[in-house]
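Going line by line, the protein sequences match chains B, F and X. So the first sequence is numbered by the numbering used here: it starts at 1 and just counts up by one. So the second sequence is numbered by the numbering used here: it starts at 1 and just counts up by one. So the third sequence is numbered by the numbering used here: it starts at 1 and just counts up by one.
Fair warning: there could be bad hints in the mix.
Stated by the list, open to error - Here are the in silico distance ranges between beta carbons for each label pair:
hint : chain 1 : residue 1 : chain 2 : residue 2 : range
1    : B       : I249      : F       : R458      : 40 to 48 Å
2    : X       : P44       : F       : E392      : 20 to 28 Å
3    : B       : L100      : X       : D65       : 54 to 62 Å
Said to hold, decoys possible - Simulated pairs of lysine-lysine, DSS-like, Cα-Cα distance not exceeding 30 Å:
hint : chain 1 : residue 1 : chain 2 : residue 2
4    : F       : K406      : B       : K267
5    : X       : K19       : B       : K7
6    : F       : K298      : X       : K42
7    : B       : K267      : X       : K42
8    : B       : K80       : F       : K449
9    : X       : K19       : B       : K80
10   : B       : K28       : X       : K19
11   : F       : K385      : X       : K75
12   : X       : K75       : B       : K64
13   : F       : K271      : X       : K75
14   : B       : K64       : F       : K404
15   : F       : K449      : X       : K42
16   : X       : K150      : B       : K80
17   : B       : K2        : X       : K150
18   : F       : K298      : B       : K267
19   : B       : K267      : X       : K150
20   : X       : K42       : B       : K280
If you are wondering where the hints come from, they were derived from the structure by calculation, not from laboratory data. As the structure is a prediction and not an experimental result, all values here were calculated from the model. Don't be surprised by glycine CBs; every beta carbon is placed ideally from N, CA and C.
Given next are the chains, with one letter for each unit.
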Amino acid sequence: MKTVWSKTYNWINERVELDGLVEFMGKKYVPVNSHSIWYYFGGVSLFLFIIQVVTGILLLLYYKGGEALAFESIQFIMSKVQFGWLIRSIHSWAANLFILTAMIHMFSVYFGKAYRKPREITWVTGMIMFFLALGFGFSGYLLPWNELAFFATKVGTDIAGVVPVVGKPIMEFLRGGEDVTGATLSRFFGFHVAVLPGIFTVFLGIHLLLVQRQGMSEPVSYADEGAKERKTMPFFPNFLLRDMLLWLIVLNLLAILAVFFPWELGKKADLFASAPAGIKPEWYFLFMFQTLKYIPGRVLVIDGEVLGILVFGLGGLLWLLVPFWDRKSSRGERNRFINYAGLGIVFYIIVLTIVGWIV
Amino acid sequence: MKRLSRMMMLFGLLGCVSVTALRAQDKCLSCHEATIGGQAVALFKRDIHHAKGISCAGCHGGDSKTEEMDQAMNAKAGYIGVPKGDEISKACASCHANAEKMKSFGSNLPTNQFQNLQESVHGKLSTSGKERIVQCTTCHNSHGIVSVHNASSPVFALNIVKTCTKCHADASFMRMYNPSLPVDQLDKYRTSVHGIRNAKGDVKVAECASCHGSHDIRNAKDTKSNVYATNVPSTCARCHSNSDYMKEYRIPTDQFDKFSNSVHGVALLKKHDLGAPACNSCHGNHAATPPGISSVSKVCGTCHALNADLFSTSPHKKAFDDRKLPECETCHSNHEIIIATDKLIGVTSEAVCSRCHGEAQNSKGYAAAKAMRSLIDSLENSEKKATELVNEAEQKGMEISEAKYKLRDAHQARLESRTMVHAFNEGRFRDVASKGVAVSATVSEEATKALDEYVFRRLGLGIATLAITILAISLYIFIRRIERRQSRGTQ
Amino acid sequence: MVNDTGSTDSTENRRDFLKYVLGGSLVAWLAAILYPIMAYIKPPKQAEVEVTSVKAGKVGAFEKDSGLIVRFGNKPVILMRNAAGEFRAFSATCTHLDCTVQYRKDMGLIWCACHNGRYDLNGRNVAGPPPRPLDEYRVVVQGDDIFISKKA
Numbered sequence: 001m002k003t004v005w006s007k008t009y010n011w012i013n014e015r016v017e018l019d020g021l022v023e024f025m026g027k028k029y030v031p032v033n034s035h036s037i038w039y040y041f042g043g044v045s046l047f048l049f050i051i052q053v054v055t056g057i058l059l060l061l062y063y064k065g066g067e068a069l070a071f072e073s074i075q076f077i078m079s080k081v082q083f084g085w086l087i088r089s090i091h092s093w094a095a096n097l098f099i100l101t102a103m104i105h106m107f108s109v110y111f112g113k114a115y116r117k118p119r120e121i122t123w124v125t126g127m128i129m130f131f132l133a134l135g136f137g138f139s140g141y142l143l144p145w146n147e148l149a150f151f152a153t154k155v156g157t158d159i160a161g162v163v164p165v166v167g168k169p170i171m172e173f174l175r176g177g178e179d180v181t182g183a184t185l186s187r188f189f190g191f192h193v194a195v196l197p198g199i200f201t202v203f204l205g206i207h208l209l210l211v212q213r214q215g216m217s218e219p220v221s222y223a224d225e226g227a228k229e230r231k232t233m234p235f236f237p238n239f240l241l242r243d244m245l246l247w248l249i250v251l252n253l254l255a256i257l258a259v260f261f262p263w264e265l266g267k268k269a270d271l272f273a274s275a276p277a278g279i280k281p282e283w284y285f286l287f288m289f290q291t292l293k294y295i296p297g298r299v300l301v302i303d304g305e306v307l308g309i310l311v312f313g314l315g316g317l318l319w320l321l322v323p324f325w326d327r328k329s330s331r332g333e334r335n336r337f338i339n340y341a342g343l344g345i346v347f348y349i350i351v352l353t354i355v356g357w358i359v
Numbered sequence: 001m002k003r004l005s006r007m008m009m010l011f012g013l014l015g016c017v018s019v020t021a022l023r024a025q026d027k028c029l030s031c032h033e034a035t036i037g038g039q040a041v042a043l044f045k046r047d048i049h050h051a052k053g054i055s056c057a058g059c060h061g062g063d064s065k066t067e068e069m070d071q072a073m074n075a076k077a078g079y080i081g082v083p084k085g086d087e088i089s090k091a092c093a094s095c096h097a098n099a100e101k102m103k104s105f106g107s108n109l110p111t112n113q114f115q116n117l118q119e120s121v122h123g124k125l126s127t128s129g130k131e132r133i134v135q136c137t138t139c140h141n142s143h144g145i146v147s148v149h150n151a152s153s154p155v156f157a158l159n160i161v162k163t164c165t166k167c168h169a170d171a172s173f174m175r176m177y178n179p180s181l182p183v184d185q186l187d188k189y190r191t192s193v194h195g196i197r198n199a200k201g202d203v204k205v206a207e208c209a210s211c212h213g214s215h216d217i218r219n220a221k222d223t224k225s226n227v228y229a230t231n232v233p234s235t236c237a238r239c240h241s242n243s244d245y246m247k248e249y250r251i252p253t254d255q256f257d258k259f260s261n262s263v264h265g266v267a268l269l270k271k272h273d274l275g276a277p278a279c280n281s282c283h284g285n286h287a288a289t290p291p292g293i294s295s296v297s298k299v300c301g302t303c304h305a306l307n308a309d310l311f312s313t314s315p316h317k318k319a320f321d322d323r324k325l326p327e328c329e330t331c332h333s334n335h336e337i338i339i340a341t342d343k344l345i346g347v348t349s350e351a352v353c354s355r356c357h358g359e360a361q362n363s364k365g366y367a368a369a370k371a372m373r374s375l376i377d378s379l380e381n382s383e384k385k386a387t388e389l390v391n392e393a394e395q396k397g398m399e400i401s402e403a404k405y406k407l408r409d410a411h412q413a414r415l416e417s418r419t420m421v422h423a424f425n426e427g428r429f430r431d432v433a434s435k436g437v438a439v440s441a442t443v444s445e446e447a448t449k450a451l452d453e454y455v456f457r458r459l460g461l462g463i464a465t466l467a468i469t470i471l472a473i474s475l476y477i478f479i480r481r482i483e484r485r486q487s488r489g490t491q
Numbered sequence: 001m002v003n004d005t006g007s008t009d010s011t012e013n014r015r016d017f018l019k020y021v022l023g024g025s026l027v028a029w030l031a032a033i034l035y036p037i038m039a040y041i042k043p044p045k046q047a048e049v050e051v052t053s054v055k056a057g058k059v060g061a062f063e064k065d066s067g068l069i070v071r072f073g074n075k076p077v078i079l080m081r082n083a084a085g086e087f088r089a090f091s092a093t094c095t096h097l098d099c100t101v102q103y104r105k106d107m108g109l110i111w112c113a114c115h116n117g118r119y120d121l122n123g124r125n126v127a128g129p130p131p132r133p134l135d136e137y138r139v140v141v142q143g144d145d146i147f148i149s150k151k152a
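Let's have the full structure, built from the sequences with the hints guiding it.
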């Protein structure tokens with residue numbers, strides 16, 4: 001085994017010069033402290049993304065886009081294809097877990113202020129990937145062409161259309177027309193399997209490259225306490241193996257979810273039917289959806305919904321640009337405001353999501 | 001001589017006066033009799049009202065005690081002349097709708113006839129728009145009215161047919177009011193048992209008023225009519241369930257009871273399903289006669305067309321006709337038709353086939369009946385089993401919609417086979433039934449596969465989890481070992 | 001010395017054992033991953049999903065004065081085109097005892113084979129045991145496609 005491995009390595013090394021890279025990687029260390037657990041969530045998100053790509057490609061073997069066959073092809077996958085039920089349920093569950101772990105990763109980076117110099121671009125690429133992930137979720141949700149998805153898409157794209165000036169053209173671009181039809185399904189399919197994966201991969205590549213190049217971020221307090229002897233572990237092989245272990249457990253978790261909580265299919269979408277009561281989007285959009293419901297119809301001169309959208313847009317922009325306006329953290333100082341703002345946002349999201357679910 | 005004739009004239013006059021004194025109440029009649037005469041007078045002398053002491057003024061008004069025309073036929077005394085249109089019926093009703101008045105004459109007649117007439121179909125306005133179509137006198141005549149039980153009454157049982165058909169057999173008259181109403185009821189009636197006996201003088205059999213009513217006649221489509229579909233059985237039963245009344249005719253009187261228990265009776269009387277037959281649907285209305293032995297299946301076949309067609313081409317048709325057995329009735333009965341379950345066919349004691357078919361006699365039919373019954377049973381069992389399996393798989397959350405859809409074919413095969421029984425041909429029956437059995441088998445197979453898959457998934461998960469757990473634990477130990485080695489190395 | 005080699009031996013045995021378990025469970029895990037994937041990739045017996053419901057077919061392919069049974073979810077629907085070229089769709093479940101009806105060109109109406117029930121071309125029960133008319137479905141023609149949907 002060892003000789004095969006070293007022979008292969010030498011063959012590639014003679015052509016691509018891997019020695020420098022290997023030496024560099026060997027020097028990579030991960031801080032070991034009480035917050036180390038959060039370091040794993042980036043990797044888990046990556047793992048879940050890989051799962052999505054693999055199960056997504058497998059689903060592509062049998063999924064038929066287009067409103068005549070989309071629903072039936074998923075019924076086919078669930079009932080006639082061997083292990084089709086497993087692949088499909090894993091894909092649906094992993095999508096939700098992916099967004100969850102990405103959020104946890106995002107917030108742990110935020111509270112750890114890991115976005116500060118020199119990691120601003122890592123943060124920005126990460127945020128872009130997060131928005132793309134939400135796009136993956138929104139576009140993928142429609143692909144079974146079932147009742148719930150159809151109306152969720154209708155409501156979602158309606159909200160997009162509310163944005164002033166550019167809203168209407170954006171909505172028509174998304175829908176492939178004025179209403180949600182088979183054309184929408186075709187577009188969303190294209191977005192989901194080609195456009196978004198391509199763009200996502202670019203940003204993922206940049207993100208991972210930067211992480212490897214810059215190493216793991218240390219907590220802000222480290223700068224305070226001076227050059228003490230810090231406990232660390234090498235990235236290769238320790239952290240990586242631990243990461244693999246966690247990935248293994250997550251994989252098992254997905255299988256258990258797929259068997260005991262299979263993803264539903266529901267009824268086929270009927271363009272001419274009226275919406276069933278209690279339509280709501282997936283949980284990751286729920287807090288925004290619920291908030292919009294609470295805004296009064298008209299606030300001063302602006303339409304309530306427009307105000308809500310604009311506030312969210314502004315909030316998202318501020319969040320995206322946090323490395324650039326949080327000067328304190330760049331200087332290595334504690335920034336209580338960031339902590340409180342972050343806690344407030346987390347609290348708000350959790351409460352509104354729960355409310356939106358129960359109501 | 002002159003003295004004698006003058007004496008005689010005096011006596012005659014006295015006699016006349018005394019006789020006239022006796023008739024002092026009705027001066028109208030006496031005057032009219034002496035002067036104009038005419039049919040009215042002659043008839044009225046036989047009239048029941050006259051016998052009861054009612055004068056002409058009782059209907060026409062005026063003063064019947066005086067011979068002076070101006071006083072007698074005076075409007076101030078209430079004289080109304082010859083009443084026309086609705087005035088006629090109102091005049092009759094002035095007594096006949098008044099219970100006290102009727103009692104004072106010692107009459108037990110009902111007093112609601114006028115109200116009933118007004119609400120009936122005859123109470124509608126005539127084409128002139130000024131009066132109702134029918135007045136009391138239309139059927140009862142104006143003078144010479146006698147009791148309905150009197151043989152000279154136009155509404156006596158043997159005469160009423162002529163009275164009704166005066167209008168109802170006149171096509172050009174009926175066309176003015178209801179062009180689609182038939183006018184051949186009399187002809188049809190005369191072919192029926194009721195009509196034949198009626199013509200011979202039997203006053204007990206049904207005539208027009210027996211079924212349709214007298215004053216309260218309503219359109220047959222009116223739910224209050226005696227001949228509305230759901231009311232027909234009880235109307236017929238008024239005579240046909242009365243065993244005392246029917247004694248001399250020596251026919252059964254249990255038809256209504258039997259019918260009420262039957263599928264048809266429950267459907268018509270309890271569920272008000274107008275698609276179900278009443279007595280007239282099978283026996284006819286005016287030409288009411290039970291259908292003949294070889295035509296029973298045609299009568300039943302007006303609704304049960306497929307069964308009748310199959311029967312007519314089956315071996316039973318000739319067999320039944322030869323033995324003078326009524327077709328459908330032999331197995332299904334005529335009035336007490338119960339739900340035809342699968343138990344009806346076969347060779348058990350509950351099955352009708354064994355009445356004629358045994359292992360020794362008519363054995364070919366015996367074998368066919370046995371085979372058909374066992375096929376039906378297997379069809380029912382296989383469908384039940386398939387349905388149970390599908391439900392179980394569905395409840396466990398497996399995707400089984402396609403198999404469920406296929407079950408419809410099994411259900412359909414069961415229904416079609418029940419009809420196909422009437423061809424009494426084992427081969428044709430087998431074709432239909434085996435299709436259902438095959439579908440049920442396919443569905444059962446698919447459902448079983450789904451249930452197996454359910455177990456397989458959980459089993460597979462268990463095995464995979466075991467592998468992962470062992471891998472995870474060994475990996476963890478491996479990691480600890482590396483780290484221990486590393487820490488030892490740095491020491 | 002002896003102890004050293006002894007302890008090294010036992011630790012080496014433990015290491016070998018662990019390596020075997022690790023290697024073995026790794027192989028088992030790979031098998032548990034690859035087996036479902038391979039089975040999934042292998043095409044199932046029924047190679048393609050069937051065309052059903054909502055989009056019922058092409059206008060061009062539908063003859064005048066004919067009928068067709070179409071699966072609408074889990075229920076059969078009869079789609080008919082009359083002599084004038086208009087489309088009507090009704091539930092194909094007979095209201096009598098749930099058999100599947102059919103269009104009879106020779107009778108010019110919808111017929112049920114089970115008990116000779118008949119419906120006119122408006123779905124109304126006109127003869128035989130069916131107690132109720134057939135539920136009507138909405139037919140929408142967009143371009144060359146026929147869509148069937150439930151009546152609101």
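Checked against the structure, which of the hints given earlier come out wrong?
Of the numbered hints, 1, 6, 9, 17, 18 and 20 do not hold.
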